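Can you build the whole structure from these sequences, using the hints too?
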Amino acid sequence: MVNNRRFILSGGLAFSEQRDMNKLSRLAAEGWILESFAFLGYYVRRSEPQQLTYAVDYNKVSDSDRADYCDIFEASGWTHICSEERIHIFSAPVGTKPIYTDTDTKVEKYAHLVRLMKPFLAAPLFTLIMFALYALLQSAGETTLLENILITAGALSLIVSVPILMTFTVAFIRLKRVKS
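The letter at position 50 of the sequence shown is residue 49 when you use numbering that gives the first Met the number 0, and the numbering goes up by one with no holes.
Hints in this document: simulated from the structure, not taken from any laboratory. Keep in mind that this is a model prediction, so the values were computed, not measured. Possibly wrong hints are sitting among the right ones.
Straight-line distance between alpha carbons at most 25 Å, and here's what the computed DSS-like set of lysine-lysine pairs gives [stated by the list, open to error]:
#1 Lys105 - Lys22
#2 Lys175 - Lys105
#3 Lys22 - Lys96
#4 Lys96 - Lys178
#5 Lys175 - Lys117
#6 Lys59 - Lys117
#7 Lys105 - Lys178
#8 Lys22 - Lys117
#9 Lys59 - Lys96
#10 Lys59 - Lys105
#11 Lys59 - Lys175
#12 Lys117 - Lys105
#13 Lys178 - Lys59
Next up, the structure:
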């Protein structure tokens, strides 16, 4: 039996957005068309080879506005492929005018991503607070249950905080580069 679906690893859209889109385009030319997001990557399905360009947009879109949102892109030749939370991937035949063509739209794209990431910066702040409280209690001498809870919460929060900080930093750097 031939497997008509496979998993493709992502480099992380924050770090390798264009590389991922180029990879998906190469796969489409080989007959593997993007189907959906997956944890740490994408699912592609076997199809006729196609010459496609892929693009990503970061936007919070409610379910009730999704059709209108996709219609805007469709009017420019782009087809909505999949969405996950605030990340949306579109495809179009090679040669279609890019979604983001000028500096202003590129600035808006990355400014929007930076705005989306700001609430998540609470996790690194929480991590710092947990470690600061732990350090204060540690200086008191005896190890307590509260100290163990603080260090555990801080460590778990750190695991979440590192990718958040990395993603925010990359988005912020991209925004600054596009602006200059």
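Looking back at the numbered hints, which does the structure fail to meet, lowest number first?
When the structure is compared with the hints, only number 8 turns out to be violated.
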